[in-house]
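K.L.:
Given next are the chains, with one letter for each unit.
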Amino acid sequence: MFDNPVKIYSLSTCSHCKSSKKFLSDCAVMYDFVDVDLLEGEERRAILEDIKKFNPKCSFPTIIIGDKVIVGFKEKEIKDALGI
Amino acid sequence: MFTKLNFISILPAVILIFYSLGISIAAEENKMTENKNKPNRLIHEKSPYLLQHAYNPVDWFPWENEAFEKSQAENKPILLSIGYSTCHWCHVMEEESFMDPNIANIMNTHFICIKVDREERPDIDKIYITAVSALTGSAGWPLNVFLTPELKPFYGGTYFPPVAKSGILSWPDLLKLIATAWKDPSKKEKLLSSGQELSRIITNHLSWSSSHGPIDINFLDNALNNFSTRFDQNLGGFSPSPKFPSPSIQNFLFAYYFYAKNSDKQDDTGETALKMGNFTLRAMAIGGIYDQLGGGFHRYSTDAKWHVPHFEKMLYDNAQLLRNYLDAFLITRDIFFGNIARETADYVLRDMTHPDGGFYSAEDADSTPADPGPNGGHKKKIEGAFYVWEQKEIDAVLGPEPAKIFSYHYGLQPEGNVEYDPHGDFKGKNVLFAAHSLDETADKFSRSNNTIAQTLKESKLKLLQARAARPRPHLDDKILTSWNGLMISALSRAYQVLEDERYLIAARRAAKFIRKNLYDSATKLLHRRWRKGERKIAGMASDYSFLIQGLIDLYEADFDPGRLEWALELMDEQIKLFYDKENGGFFMTRKDHDKNIIMRVKEDSDSVIPSAGSVAVLNLLRLTRFTDTTEYAKVAESTLKSILSRIKAQPDSAPNLLIALITSRLKPAEVVIVGDRNKEDTRSILKTINSLFIPGKIVMLVDNNTTRSRLARYLPFIEAVKKMDNRATAYVCTDKTCKQPVTDPVALTELLN
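Chains as they are written, first to last, in the numbering used here: chain A, 1 to 84; chain B, 1 to 753.
Some hints here could point you the wrong way.
Keeping only pairs whose Cα atoms sit at most 27 Å apart, straight-line, the calculated DSSO-like set for lysine-lysine is [unchecked claim]:
#	chain 1	residue 1	chain 2	residue 2
1	B	Lys-46	A	Lys-76
2	B	Lys-591	B	Lys-581
3	B	Lys-722	A	Lys-22
4	B	Lys-265	A	Lys-74
5	B	Lys-641	A	Lys-53
6	A	Lys-22	B	Lys-261
7	B	Lys-581	B	Lys-126
8	B	Lys-591	A	Lys-22
9	A	Lys-79	B	Lys-524
10	B	Lys-722	A	Lys-18
11	B	Lys-265	A	Lys-76
12	B	Lys-667	B	Lys-736
13	B	Lys-126	A	Lys-57
14	B	Lys-265	B	Lys-697
15	B	Lys-188	A	Lys-52
16	A	Lys-74	B	Lys-641
17	B	Lys-736	A	Lys-52
18	B	Lys-697	A	Lys-22
19	A	Lys-68	B	Lys-667
20	B	Lys-261	A	Lys-74
21	B	Lys-697	A	Lys-76
22	B	Lys-524	A	Lys-76
23	B	Lys-722	A	Lys-7
24	B	Lys-667	A	Lys-7
25	B	Lys-524	B	Lys-634
26	B	Lys-687	B	Lys-697
Hints listed in this document are in silico derivations from the structure and should not be mistaken for laboratory results.
Keep in mind it's a predicted model, so treat the numbers as computed, not measured.
The task is simple: from the sequences and hints, build the whole structure.
P.N.:
This is the structure we're talking about:
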């Protein structure tokens, strides 16, 4: 249904990350996610570097939809990027 | 005090009705009343203002059915007289006219006379002061309004003298004119139709519905421009004399400064706003409007330079100004502002606190002079007597050298320093003001700043002790929920900023007092006023708004989740009882408040006391984020839209609502701290947050499993937050985006900035 892959960089403790995941599930959108705070050591550092490429402020959720980057649980922007 | 509203005055028509009659009143009032020293009905009231009139020969009624029924049965118009216990001109009129048996006789013969304390019943006051403003272009207190038996206002004014003065009708002449007109069928018809017309005008003004236009962020710049135009660049303040403190304006200016700093604005309007706010606060604090010895602010300045005030001290002014000075201190780190805040908070703890913790309402301007005067036995109360000084008194208390230093610093003159004294109250007297800076005084006496500061400190203490022996002004010791809410906020913030535990203790005791004496938790009914064991009057929207604000601020100081839970309970009740679902905004009174009220008023502007609606929006925006409740966000947005669309042309009329606009658009930080409040690491995180000026931020503390589960009921993610590296940890989110949690105060400062 949706062509663009969706990836969420999130924290396990972040309310707006949870809301974003719930929103995507409610819209029946498949997504991949990583809770950065649950990672450790080198893996965590590497992911943080990745996020900074998309979002220099390194804040959560950082949502990647195709070539679009959305920072925060912004319903309208997410819908626009998904084309729904 | 005067308030101006934009109406087309309908005064000329009404005056014509009276003057076409001349004065020819019958002899029926010549029987002198004999109740000179007998109490009237007001003796059964608890309001200090009503009790001040309990021994008048006027046959006063309180606002109650018996009066309205009598007015209808006897077909007599009502004289509604409104004031408050620390109002100077109310005392003057009481003494000159209401104590005069002849004048009382005219009132008793032709009118049903009702007294109302505006602090108990701001709803009645709002309706009828708006009517008088519509009639005459301005209004204030004492407010005297003539009503039909259906409670429709047809004429009114403020103070009237007992005998005619140039251009001012005397009170007895006015009474006779109205009484005569009422008895003439054709004139009475005109009075009744004037009552209808006036009621229609004020209903349109006070009980509006409005279209919800789009919210334009330019409102903020337009308001700032208006304030810049009104600003007195030389003396501070936002009006010519008389100059009132304007806490809501300073609130807005500081919030605007924050907005400018945190948005893409390239100009220096933020700095302009900050300068206007700070300059005004500094000018007030060195003026006579500030009690240089005892702390706290008087009501307003009669001159443009903040020197000679009306001396009453009101709880609501001091609560709001205390917050202003704390904000100025946070932004500038100038200890001058911190000291004024501290002295003002100390004044409230010392002089304005009930033994059980509630805060009193006000202190009067007038008091009996300690010095009986040249002929002895001078017992008449005089304005400011408690606060002013003759040079010889200063010399006697301090001794020659310290007196010289003190007199130079505080602007004393041997012949008195009051330039304009129309009533002769201040002959030879001095109103203290900081005439010179510490540097100037040190230079003048060739001493170090420290030595001078120490001398002045000792002198102030001695004079404060000497002053304590003088007869005190009357204390209005009724306890109002709304004003206590304002002070609970201010003292909670004072604790955060000044780190003095006494302020937190005082705020907590006041909240406990209100809960115990003015709230019924079974019915969730909040009351407005408590005095001497009696609680009375159903809470109005302002009682809810200001108490909720106080509880949220108190939560952010002591982190007892019970504060938030009570605030949420009150918020739900406030929406249920006061919110206008159709048009947005909050009514002042609940639906079943008082069947005699001719309309349910909605305020759309912030006066000296902010409107309940503005503060409700600020509360809703904070509670939305404490609970993630979308209904609150909707009510906030709808109220914001409805009021802003009404005040488009004058956005500066609701400064507190504009702060809500700022916080709703900037989306300030939400911080959850996990840590033990008694440990240094948590304290250090809290201290970091409290040292930053961030209007609208919210802060929560999770320090044990009980608070965790209580807070997680509203925000489920709180179940998961935990300490990192076994250190106190701050979780920061802004605008639906979260940062990685931090444990380091420096990193936290960076996140919040």
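K.L.:
Does each hint fit the structure? Answer for all of them.
P.N.:
For each hint, the structure was consulted:
A C-alpha spacing of about 57 Å is found between Lys-46/B and Lys-76/A, which places the hinted pair above 27 Å, so the restraint is violated. Straight-line distance between C-alpha atoms of Lys-591/B and Lys-581/B comes to about 13 Å, which keeps the hinted pair within the 27 Å bound. Among the hinted pairs, Lys-722/B with Lys-22/A is consistent with the structure: their alpha-carbon atoms are about 22 Å apart, no more than 27 Å. Annotation: proposed proximity of Lys-265/B to Lys-74/A holds, straight-line Cα distance about 24 Å (limit 27 Å).
Restraint check: the Cα-Cα separation between Lys-641/B and Lys-53/A comes to about 39 Å, which exceeds 27 Å; the hinted pair is violated. In summary, the hint linking Lys-22/A to Lys-261/B is not supported, as the alpha carbons are separated by about 35 Å, beyond the 27 Å threshold. Restraint check: the Cα-Cα separation between Lys-581/B and Lys-126/B comes to about 22 Å, which is no more than 27 Å; the hinted pair holds. A threshold of 27 Å between alpha carbons decides the hint, and for Lys-591/B with Lys-22/A the separation of about 41 Å lies outside it, so the pair is violated.
Of the pairs offered as hints, the one joining Lys-79/A and Lys-524/B is violated, with about 42 Å between alpha carbons and a cut-off of 27 Å exceeded. Taking the CA atoms of Lys-722/B and Lys-18/A, the gap is about 16 Å. The hint holds against a cut of 27 Å. Proximity of Lys-265/B to Lys-76/A is assessed by CA-CA distance (about 25 Å); at most 27 Å being required, the pair is judged to hold. Only pairs whose Cα atoms come within 27 Å are accepted, and Lys-667/B paired with Lys-736/B is accepted, the gap being roughly 9 Å.
Note on Lys-126/B and Lys-57/A: the hinted pairing is violated, with a Cα-Cα distance of about 50 Å set against a maximum of 27 Å. Taken as a hint, the Lys-265/B and Lys-697/B pair is honoured in the structure, with Cα atoms around 21 Å apart against an allowance of 27 Å. Only pairs whose Cα atoms come within 27 Å are accepted, and Lys-188/B paired with Lys-52/A is rejected, the gap being roughly 80 Å. Between the alpha carbons of Lys-74/A and Lys-641/B the distance comes to roughly 22 Å, so the proposed pair stays at or under 27 Å and holds.
For the hint pairing Lys-736/B with Lys-52/A, the CA-to-CA distance comes to about 18 Å; that is within 27 Å, so the pair holds. Between Lys-697/B and Lys-22/A the CA atoms are separated by roughly 26 Å; this keeps the pair inside 27 Å, and the hint holds. At roughly 23 Å between alpha-carbon atoms, Lys-68/A and Lys-667/B fall within 27 Å of each other, so this suggested pair holds. As the CA atoms of Lys-261/B and Lys-74/A are separated by approximately 24 Å, the hinted pair is consistent with the 27 Å bound.
Using a Cα cut-off of 27 Å, the hinted pair Lys-697/B and Lys-76/A holds, with the two alpha carbons roughly 24 Å apart. About 39 Å separates the Cα atoms of Lys-524/B and Lys-76/A, which puts this hinted pair outside 27 Å; it is violated. For the proposed pair Lys-722/B and Lys-7/A, the alpha carbon gap of about 25 Å is at most 27 Å, so the pair holds. This hinted pair checks out: Lys-667/B and Lys-7/A have alpha carbons roughly 26 Å apart, not beyond 27 Å.
Annotation: proposed proximity of Lys-524/B to Lys-634/B holds, straight-line Cα distance about 23 Å (limit 27 Å). Distance check on the hinted pair: Lys-687/B and Lys-697/B sit about 15 Å apart at the alpha-carbon level, within 27 Å; holds.
In this structure, the earlier hints numbered 1, 5, 6, 8, 9, 13, 15 and 22 are contradicted, and the remaining ones agree with it.
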